[in-house]
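Model the full structure from these sequences, guided by the hints.
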Amino acid sequence: MKRSLWKYLLMAALFAAPLASYGQDSATAEEEAAVEIAEAAEAAELGEATEGEGGDGGGASDINSGDTAWMIVATALVLFMTLPGLALFYGGLVRSKNVLSVLVQCFAICGIMSLLWVIYGYALAAGGDGCNFMGWDSSFLFLNHLTVEGASGTIPESVFVTFQMTFAIITPALIVGAFAERMKFKAILLFTTIWFTLSYCPIWHMAWGGFLFGDLPGLPDVLDFAGGTVVHVNAGIAGLVACIMVGKRRGFPKTLIMPHNVPMVLIGASMLWVGWFGFNAGSELAADGVAGMAMLVTQIATATAAVTWMFVEWRSTGTPTAVGIATGAVAGLVAITPASGVAGPMGAILIGFASGLVCYFSATTMKRKFGYDDSLDVFGVHGVGGVVGAVLTGVVAYKSFGGSGAAGLEEEVGMISQVMAQIASVVITVIWSGVVSFVSLKVIDSVVGLRADDQIEEQGLDSNEFGETAYN
Amino acid sequence: MKRSLWKYLLMAALFAAPLASYGQDSATAEEEAAVEIAEAAEAAELGEATEGEGGDGGGASDINSGDTAWMIVATALVLFMTLPGLALFYGGLVRSKNVLSVLVQCFAICGIMSLLWVIYGYALAAGGDGCNFMGWDSSFLFLNHLTVEGASGTIPESVFVTFQMTFAIITPALIVGAFAERMKFKAILLFTTIWFTLSYCPIWHMAWGGFLFGDLPGLPDVLDFAGGTVVHVNAGIAGLVACIMVGKRRGFPKTLIMPHNVPMVLIGASMLWVGWFGFNAGSELAADGVAGMAMLVTQIATATAAVTWMFVEWRSTGTPTAVGIATGAVAGLVAITPASGVAGPMGAILIGFASGLVCYFSATTMKRKFGYDDSLDVFGVHGVGGVVGAVLTGVVAYKSFGGSGAAGLEEEVGMISQVMAQIASVVITVIWSGVVSFVSLKVIDSVVGLRADDQIEEQGLDSNEFGETAYN
Amino acid sequence: MKRSLWKYLLMAALFAAPLASYGQDSATAEEEAAVEIAEAAEAAELGEATEGEGGDGGGASDINSGDTAWMIVATALVLFMTLPGLALFYGGLVRSKNVLSVLVQCFAICGIMSLLWVIYGYALAAGGDGCNFMGWDSSFLFLNHLTVEGASGTIPESVFVTFQMTFAIITPALIVGAFAERMKFKAILLFTTIWFTLSYCPIWHMAWGGFLFGDLPGLPDVLDFAGGTVVHVNAGIAGLVACIMVGKRRGFPKTLIMPHNVPMVLIGASMLWVGWFGFNAGSELAADGVAGMAMLVTQIATATAAVTWMFVEWRSTGTPTAVGIATGAVAGLVAITPASGVAGPMGAILIGFASGLVCYFSATTMKRKFGYDDSLDVFGVHGVGGVVGAVLTGVVAYKSFGGSGAAGLEEEVGMISQVMAQIASVVITVIWSGVVSFVSLKVIDSVVGLRADDQIEEQGLDSNEFGETAYN
Amino acid sequence: MKKLEAIIKPFKLEEVKEALGEIGIEGMTVSEVKGFGRQKGHTEIYRGSEYTVDFLPKIKIEVVVADDQSGAAVEAIAKAAKTGKIGDGKVFVIPVEESIRIRTDEKGDEAL
Amino acid sequence: MKKLEAIIKPFKLEEVKEALGEIGIEGMTVSEVKGFGRQKGHTEIYRGSEYTVDFLPKIKIEVVVADDQSGAAVEAIAKAAKTGKIGDGKVFVIPVEESIRIRTDEKGDEAL
Amino acid sequence: MKKLEAIIKPFKLEEVKEALGEIGIEGMTVSEVKGFGRQKGHTEIYRGSEYTVDFLPKIKIEVVVADDQSGAAVEAIAKAAKTGKIGDGKVFVIPVEESIRIRTDEKGDEAL
Ligand SMILES: Nc1ncnc2c1ncn2[C@@H]1O[C@H](COP(=O)(O)OP(=O)(O)O)[C@@H](O)[C@H]1O
Ligand SMILES: Nc1ncnc2c1ncn2[C@@H]1O[C@H](COP(=O)(O)OP(=O)(O)O)[C@@H](O)[C@H]1O
Ligand SMILES: Nc1ncnc2c1ncn2[C@@H]1O[C@H](COP(=O)(O)OP(=O)(O)O)[C@@H](O)[C@H]1O
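Chains as they are written, first to last, in the numbering used here: chain Z, 1 to 472; chain V, 1001 to 1472; chain F, 2001 to 2472; chain L, 3001 to 3112; chain Y, 4001 to 4112; chain C, 5001 to 5112.
If you're looking for bench data, these hints aren't it; they were derived computationally from the structure. There's no promise every hint is true.
[What the hints assert, rightly or not] No more than 20 Å apart at the CA atoms, straight line, and that leaves these computed lysine to aspartate or glutamate pairs for EDC-like:
id	chain 1	residue 1	chain 2	residue 2
1	Y	LYS4079	Y	GLU4014
2	L	LYS3082	Y	ASP4105
3	Y	LYS4040	C	GLU5015
Okay, structure coming up:
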């Protein structure tokens, strides 16, 4: 009974509504041709709203081959972050009896989010017919409006859609680290589907659609170049809520739960690092000086955070560790994300140093103190690092703090207001994502249950939920 | 006796003929300068024949930096598919005693095919002086005609040559999965060398040289954007013939032969996925809207096939598996390949769904039923997926099936004829590759033997043929 | 006492001097704005000096999106070579008790060199106010001069700086292979810091700054397109000196020290191969015909060297090996590096063949004969391969040897003089790097000691110096 | 002296070690083994076929004790390792004629 | 009771298990070991030098049987594991004083 | 016959093997085990916390010898494996009732 119920829910969520509207659309496909072009243009604007460069959009003649070349590659890089980057980073951190569960979760999320983005996600996020909180555009369903010629700024809209699809993949995938080694696969698929729909798409719309975060009463536009709020704070909070609701792993924290394959963790971290160039420099949507500077500050902040974590750990425990330096690097990558389009080298050092220090504290002392089992430190690194980055973006954007000047108007806006805007965006994201996570997990728990059986957890998810063992 | 014979054969094949003509060429190097430019232009046209965009080719002034940037990266991505992508995908699927054999086979094929492509492969494939079945251009031997300025369309010809070299590497490398864990290394090198020469180059010429597949009596031009016939059907059939002729692994199918390292399989599959953007979107040879759409549909079809495989397996065996979802993704990548330049999002969903379903059936039920030991499912995924993709390309290219319109003339051609053309190209490829594989394996068997000794197979190829064990 | 001393030294080296000048700079930040633009232009010229294409540099209007797209990606590719490429290549070659030590060393070097390059490295290397041996430009400290608009040739200067940063990372990281499994982490950090400052930056300046190597009395300009002297000879000699001074691993050569994970070695080698396209073709700093040809010859030389090594090993020991073919590929990559911008396909085959052969000899017979423990063959492959490549560059640049003609003036310069210039640059690098390495290691030895305790070496560096074991 | 060989479920190792520690036994040698018995392994899926993996991962503890400790030790192990479910494992008692501590050349019960 | 320790070639495990099953023995414990003996290992190549790896991977089967089954079990193992080529391995028979089934506290032959 | 079970430090394996070879013993079976005892393991750091890993990697050598060789073999092992530092390990001597060489069906001392 329980089993069949979730199936219907899932299928309904996935297909029913959008299919309905698809039928409708195709009936009037011809008449919409003209509208589509206009909407492509609109999407282009949306995509660039936070970068402050209006494009007149639309015609194929505006497509720049250099920008397109870069953005195709940036898309590949961001996909590479999830598969295999994040999958390996997480896979190495769990015990060998659960490594496949994490890998399959990443793969399945990649597949499902890609489809959801195509079917209705792009409409919910980028559609201009919604409100300040959620977008809509029925012609975007199934990407029915896309043409080979349609442009988004200086790149084909197909590239913009795919680039953003890779963000829609990695964000839910990040969350699985929080409840690794114990949550039911079914429940994970349901949760990420609902959370994607009700938290990822709306926050995308608020931040990058140019809606709520560009329209906060009495505050300047929020700066979130590559996803501090949309991606990291959003996923980090979902992870925190989920890991508390799912509960601790058996034995945690008494039993030592060590990473089963540390080299795998470091391969994964390295791929995240390299792929993040696509994430941050790609968020410029062009191959220009801002993209170049975004790459440079990404590298600097990451290096600083990794080195900071290493020395802090060395000092406080007596040795640096491999997992530590890799986690430090990820903390730096997370924190520089919202600032990458506006910071300069000095700002990157500041953000890298702050995030290395603060995330070290949050993933060690703080987690120990509160006792939640955020297994792979989704909240400790992405949540906390995301907050550090989002807030400091309001500081390092200023030329006096080495800001690259790319933020545009910022000199007219006082730093206090800018920081207030940043904080407001964080608070909104925390509440929004927290509530969506809490409610959806409650519902899923009552329908299919959140946790794998004790016996299954003991023996490992791999051999039970996935019919395989990793190493034979 | 046997041993020395093969050496002479190999050396003759590799060096004698082309060296002879090289000597000749260099004697007249000066006079040919002018001719070379013309031929570069010709090559450019060849490269684009199936994309339907005439270029007037030639002069360095036509080189577009954006297109060049993209194509250099696309080349790197396709190389990345083989090394380490395919090597890991295959390496993880075999037993630990044979993992090095697979890795060395991939490396060696990469090295040898690169050289053969330089020495005579490009001449056989892209040369315009041959017939409808096989190309020739003696100035292309040793790439003697290449200059820094020479262009192929809007990119340097050197980039086009290297991009195509990476296809000439991965195609023979794909085949080794069919006879993994038992075939002699020598025999593999001989087989892939002969097959490259007599099957890969000719089919390339027919399909992408604009010859036979653009000249089928009474049928429209075959659509094969990125290599459904040239790469996947071609390799898949070679794999089927070879795995039957080499015979089953000892113990197959009675003994359970499990993948020794499933995470390695998933890393490899992920790299194939990411690298495939270079394969498909790169086949446009430019950074434009068609490339962007090719990337998008590649992502959609792959996601659909992976999810389809997962749910089908879940339903039929009770659990999804990691190897399953990864194989599903590869099936989707294979099937969308020929269609990637012409399909739209809906067509990609269709192709992804069909390939996930059909390849699941061919790699499980069908293989079990017929009892051949296609060890890593080269035929089951590349052969069958390639056929599914090649045929459906004739459907999804149509706007009524969501086609992007990039196929150009297709509205004038009826879908039935187009599908017939697609089927004809598949049939020709199947027969051609099948016959070449069969005859060359017969010859190699009589000269050096195809199979490793029983004792060696039992102990593992690694410690016997390669003097190493993988894990120490 | 010893312990605190090194800390002060390190801190002084890292921060004191540059911080001082930073304070100074920022005081006069405003007035320097104009100067910065000029200097960006100058840097641009420096960056291109060896490629023989003057650019008038400077204004943002010169930024080409295609070139920028390619160079951002090339930067990512070169970073990818170190993390995870080199880390895996080296990590797989050591024993399982030391794999984390190698990985952390690579990560830490990546972090620290990134910061040093930002703080003062770029000033020492690319600054125009120094002498023939060492650069200087106080406005470059902390990259204080960088702007979003500043260009270096046709790309943003930020991209040029980051691209070069990745070279400054990989070069010291290469060295760690020579003294793997026994040198103290502290000593490694100190050594690479000093060596970077006193050997890497100066040789960069001599070769690519257009100074000493463009100003050798009576000799033509040295050709070093992508770093034969700067990177490979430089690191190779440092490795040789260090491995001798640190001493052999316990048990070497009596005990068999086998690679603990050969597939990891091959993944790493594959990533080096793919990433090297960024290294070599990226060194053109543009997406054009020279970059394309550089990619092609890189692929050809690597393939040739890998195949050469395989056949030589096969012949001399009876089997090819996986580690062998991978090492052969790296030898080819190393050797083609200085020639990649000037060689043609035939030259690439020559260099690939020579390096495969010579490096096989140096990593086997020669190392055995002299008895030093160059553990992962840094000298045997990078040092020797670098010399082979640097010298042969003076040959293959000539059109009669298939040179692509990109070297420009070479027809006016006799081959003998060009080869003499190449040899001179090698000799200078060998002496310079050798002396810096020797002296700095002597100093470090007396301050913190070079070698881990016997007990620690026996149990493995991982569990002692890094508080973790790799596999749990 | 006796050597006790206990085959137990992997996650019980900690508890067994503690139980032995309580009766004063600190030295032991542990290895990973595969157990075949009444308890059946999990099902693996490969290419759509299901296979039963018939072994289960188990832990073997070897501990040599003085004759008079043997009974207590067996009991401690059995108590700590028990879950009551199939597959809990066995303890075997094997005679030992001599023990030597390599470091000191101590012999017999001294060496344990 | 006796404990039989058989060192066999890895690929013979399946057959030995079947042979024991035929005489009613289902419980056993298996581990991976390295064998040194007359049979020599393979040659490894590293950096152009050849090294002989002197151990060979072997499987150790431990099975405790009632005294009266011991002969039949030894025979079954020896027959199933035989290839006639060097390196086939050994069976050792070791006395066992007591066996306990942890789950039920059964003792002696009952516990097997 | 006796079975000697030696638990030694991993890096001593080579020396022990040589020592046994010198008194004519070539056959033996070796496995990797985890040792618990007085010697304590290293400290691992994870997320800023230190944990003591209480086991140490050890090597177990099993060698069956004729009764009259037993003394010499124990001595050879103990001498070769000794470093004098804590954790050197133990040798246990266990009676063996029968040995069979699978290849030839030889029994007793012949089979060793
Ligand atoms: N006769 C035997 N000899 C050696 N080991 C045995 C024997 N019988 C069982 N074992 C070991 O004990 C484990 C548990 O036995 P099993 O029959 O599954 O359950 P139970 O312990 O509840 O009787 C097996 O997995 C195997 O390792
Ligand atoms: N004296 C011994 N004690 C313990 N194990 C032995 C002994 N002799 C041989 N073995 C084990 O038996 C295996 C086979 O022995 P070997 O001498 O190679 O061939 P065979 O079994 O044909 O005599 C060895 O690899 C080793 O594991
Ligand atoms: N009572 C015992 N039974 C079985 N093995 C033991 C016993 N005591 C010690 N060992 C083994 O011997 C190893 C060394 O013992 P330990 O007490 O650390 O030092 P020492 O050998 O110097 O006394 C341990 O790691 C363990 O493997």
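Hints versus structure:
With a C-alpha separation of about 13 Å, the suggested pairing of LYS4079(Y) with GLU4014(Y) holds against the 20 Å cut-off. Our distance criterion of 20 Å between C-alpha atoms is met by LYS3082(L) and ASP4105(Y), whose separation comes to about 9 Å. With a C-alpha separation of about 19 Å, the suggested pair LYS4040(Y) and GLU5015(C) falls inside the 20 Å cut-off, and the hint holds.
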